[in-house]
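Chain residues, written in single-letter form:
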Amino acid sequence: MREVPVGEITKVVRDLFIDANINLGEDVLVAFHKALEAEESPTGREILDELLENAKIAKEEGMAICQDTGLAVVFIELGQDVHLVGGDLTEAINEGVRQGYQEGYLRKSACHPFTRKNTGDNTPAIVHLEIVPGDKIKVIAAPKGGGSENMSRVTMLTPAVGMEGAKDFVLQRVRESGANPCPPIIVGVGIGGTFEQAALIAKKALLRPIGSTNPDPELAAMEEDLLRRINNLGIGPMGYGGRITALAVHVNMIPCHIASLPVAVNIQCHAQRHKEKII
Amino acid sequence: MAEAKRIKTPLTDDVVGELHIGDRLLITGVIYTGRDAAHKRLIELIDEGEELPFDIKGQIIYYVGPTPAKPGKPIGSAGPTTSGRMDTYSPKLIERGLKGMIGKGMRSQQVKDAMRKYKAIYLGATGGAAALLAKSIKKAEVIAYEDLGPEAIRRLEVEDFPVTVINDIYGGDLYEEGAAKYRRQ
Numbered sequence: 001m002r003e004v005p006v007g008e009i010t011k012v013v014r015d016l017f018i019d020a021n022i023n024l025g026e027d028v029l030v031a032f033h034k035a036l037e038a039e040e041s042p043t044g045r046e047i048l049d050e051l052l053e054n055a056k057i058a059k060e061e062g063m064a065i066c067q068d069t070g071l072a073v074v075f076i077e078l079g080q081d082v083h084l085v086g087g088d089l090t091e092a093i094n095e096g097v098r099q100g101y102q103e104g105y106l107r108k109s110a111c112h113p114f115t116r117k118n119t120g121d122n123t124p125a126i127v128h129l130e131i132v133p134g135d136k137i138k139v140i141a142a143p144k145g146g147g148s149e150n151m152s153r154v155t156m157l158t159p160a161v162g163m164e165g166a167k168d169f170v171l172q173r174v175r176e177s178g179a180n181p182c183p184p185i186i187v188g189v190g191i192g193g194t195f196e197q198a199a200l201i202a203k204k205a206l207l208r209p210i211g212s213t214n215p216d217p218e219l220a221a222m223e224e225d226l227l228r229r230i231n232n233l234g235i236g237p238m239g240y241g242g243r244i245t246a247l248a249v250h251v252n253m254i255p256c257h258i259a260s261l262p263v264a265v266n267i268q269c270h271a272q273r274h275k276e277k278i279i
Numbered sequence: 001m002a003e004a005k006r007i008k009t010p011l012t013d014d015v016v017g018e019l020h021i022g023d024r025l026l027i028t029g030v031i032y033t034g035r036d037a038a039h040k041r042l043i044e045l046i047d048e049g050e051e052l053p054f055d056i057k058g059q060i061i062y063y064v065g066p067t068p069a070k071p072g073k074p075i076g077s078a079g080p081t082t083s084g085r086m087d088t089y090s091p092k093l094i095e096r097g098l099k100g101m102i103g104k105g106m107r108s109q110q111v112k113d114a115m116r117k118y119k120a121i122y123l124g125a126t127g128g129a130a131a132l133l134a135k136s137i138k139k140a141e142v143i144a145y146e147d148l149g150p151e152a153i154r155r156l157e158v159e160d161f162p163v164t165v166i167n168d169i170y171g172g173d174l175y176e177e178g179a180a181k182y183r184r185q
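Protein chains in written order, with my numbering: chain A, 1 to 279; chain B, 1 to 185.
Hints in this document: simulated from the structure, not taken from any laboratory. Do not rely on the hints blindly, as some may be mistaken.
[Stated by the list, open to error] When the alpha-carbon atoms are kept at most 20 Å apart in a straight line, the in silico EDC-like pairs for lysine to aspartate or glutamate are as follows:
hint : chain 1 : residue 1 : chain 2 : residue 2
1    : B       : K117      : B       : E51
2    : A       : K117      : B       : E44
3    : B       : K135      : A       : E50
4    : B       : K70       : A       : D121
5    : A       : K117      : B       : E146
6    : B       : K135      : A       : D121
7    : B       : K73       : A       : E61
8    : B       : K135      : A       : E61
Model, not experiment: these values are computed from the prediction.
Looking at chain B on its own, in the form it has when it is part of the complex (with noise of 0.2 Å):
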């Protein structure tokens, strides 16, 4: 197993152009979180040609509705959620400068597409592995759409937080590679 690959946000073309499938990275910075219901709302911002509550540019979206935060810590158990929901938005944010996206599970045809094109990766955090993921999460802060709750737009601190580029900007699917490698008859 190769040494996991550390990385900083905002990403820019030539960080990403450097990550391919089945990379380990740890990622230091600020992220943003958001499930469906967030997304939505951002679509509709979007078609009413209105600003989004922050500027996308080469942000990662991390697809989480955390836990209550217990007393004294910044968020509480914080795992990632399955991302083929956003699938119908996330292409329209990948064309507005959206770098990443953190989550689990396939993704359609058409974010890979998008992904391509706009060079733009998905990453997989462990889903399940939210008190071990939450440890990362140094500051959160909700900074849209407090009324959806764990569903809020929060901007996260995080320091080394540990994902697996599932699709890179070659085309690469580390699910589709993955399994062709250890299928068995």
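With the rest of the complex left out, here is chain A (with noise of 0.2 Å):
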């Protein structure tokens, strides 16, 4: 049994969260070179390239990439054989959260859903926690933007729509959102489980590396089909029509029940931010 003080934790997440939101990954940048390329409208490409600068000026000055510094999702590998000893999990990493957004010049956006009270620090952090083998402790910082998460939604389908029916609902939801949640986006779908595990499976496929196949050909196949279709929607970059409405589609099925068809379509701005720790 390995003992890590939950002080480690509080550190990392401290660290990922003001990492994540002023460092965009160097996927998301390459994928912002590939759209330059690809894109055909003037004022499309224009907002590539501020995107690009954006990018830069965020590095050099150390600012946030985006004002919506997003709630703060943490998702947890726990190794189990892993003994944590010096307090508690969640309050460690909710210790983090506030201190990440208060040192790392990040905005709050927690607030009460009816009085919209700003919680003030940020938290509660949104935590996934997971038990694995081994005995580390892999943590995963995920702000995540309203005004991407908005445009989410989960549904359940009827079995004999099939995939086509799937993808219809997201290219449906694509096409609603339209300007609304910052394209390029990338879109994260889960297939499958049960109503609460499709979405998160579909928000786990968005910290998927942006152009990565994925392993399983039948759904990489839906993914390539999606995305050509997505992009000739025309919505384009920020929604002044374009070539490119999406960077990715990543999609994660898991199997369900002989009754249902569940699907969750989570829409993430072009403003692409997880970073990840393994202690």
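Reassemble the complex: the two chains are provided individually, in unrelated frames, and hints are given to aid placement.
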């Protein structure tokens, strides 16, 4: 049994949220450059240039890429041979969020649903904990902005509609979202499981690097077809019209109930932020 | 791509009359910030017949809730938020002389109708380009609702702040026309 003080997790969570909000991932930058080559709309290219310039300024000045520094979503893969000591894990994560959002000059966006009163420190974090073999802890910080999250949906389709029905739902969602989620977007799709699992695997699909191929050939083909059809919608960068509406579509699929076909679409803006560390 | 047009605030009917969807603009002058919480309070003042905290005639409201400013900087990262949340409030402000709104995302038919009727425009700043946009903001001062934190109303002094015309006073809509132009079967 390996002992890890929870204070370690606080430090890692703090550093990851600051890093994720300031330094855009290399996969996103590569995707911007590719989009710039493919984009036919002059305005669309100008927007993509702005996004590249923005990433550079944010990095140089150590400031957030986007003012919406998100709700603090944390994925923890906890090795079953780890014994956490020195305090409460959830509180340790929240303390990391508290410190990161304060020290990194990040915006605190968590509030009461009805009174809209801000919690003041961007807590509580949204924690997804998974117990895995081994004696390591993987921490992933994935700040999630409100604009793109608002465009996300879960539905329970009738099984008869099959894969085509699932694709139609994804396309309809992207079409209706239009300019709102800050395209070019990344589309996370979760198929199967239960109501809440579909949403969770859709969100996890967003963590996969842009440009990577789905290991399941059937899903890889589905992603390719969806990306082509989404980009044929013409929405374009920031919705001003263009060839690049999405940078990637990522699909996760798991078995579901014989009566159900759950499909979740989690839309991610171009500020695709996630950083991870293994303790 | 045509050269960006430079405009100054406050806006007049003549200036907005020359702007069309897809135009790239660089704004210099004073603009005000406000999100839904601040809009709700402005509308309550109007409904009670009270004065607004600033004269909105000819002004532009930028839908933004910035990150905290680092020491020595006027403002933190400051990109646009989704404008649709302001749709219920905007027509009343447009009716009272508001000339421009900066945000991102689609507006309701009621807002578009009010823009046409009272000659106001809707401008898009690039969502997520918040560090870049902050560079054009030279001064920021909270003028109302400090308790709202990032959602307080700020008076910003901007220089060459880059935006794109999404809705003009002639009923044009860049979102509709842009997508129609690049849509493929």
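Do the hints match the structure? See the list:
1. K117(B) <-> E51(B): violated (23 Å)
2. K117(A) <-> E44(B): holds (18 Å)
3. K135(B) <-> E50(A): holds (12 Å)
4. K70(B) <-> D121(A): The given pair, whose Cα atoms are some 17 Å apart, holds under the 20 Å limit.
5. K117(A) <-> E146(B): Answer holds: K117(A) to E146(B) is near 13 Å, not above 20 Å.
6. K135(B) <-> D121(A): violated (26 Å)
7. K73(B) <-> E61(A): Holds. K73(B) to E61(A) sits at ~11 Å (cutoff 20 Å).
8. K135(B) <-> E61(A): holds (11 Å)
In the structure shown, a violation is registered for the earlier hints numbered 1 and 6, in ascending order.
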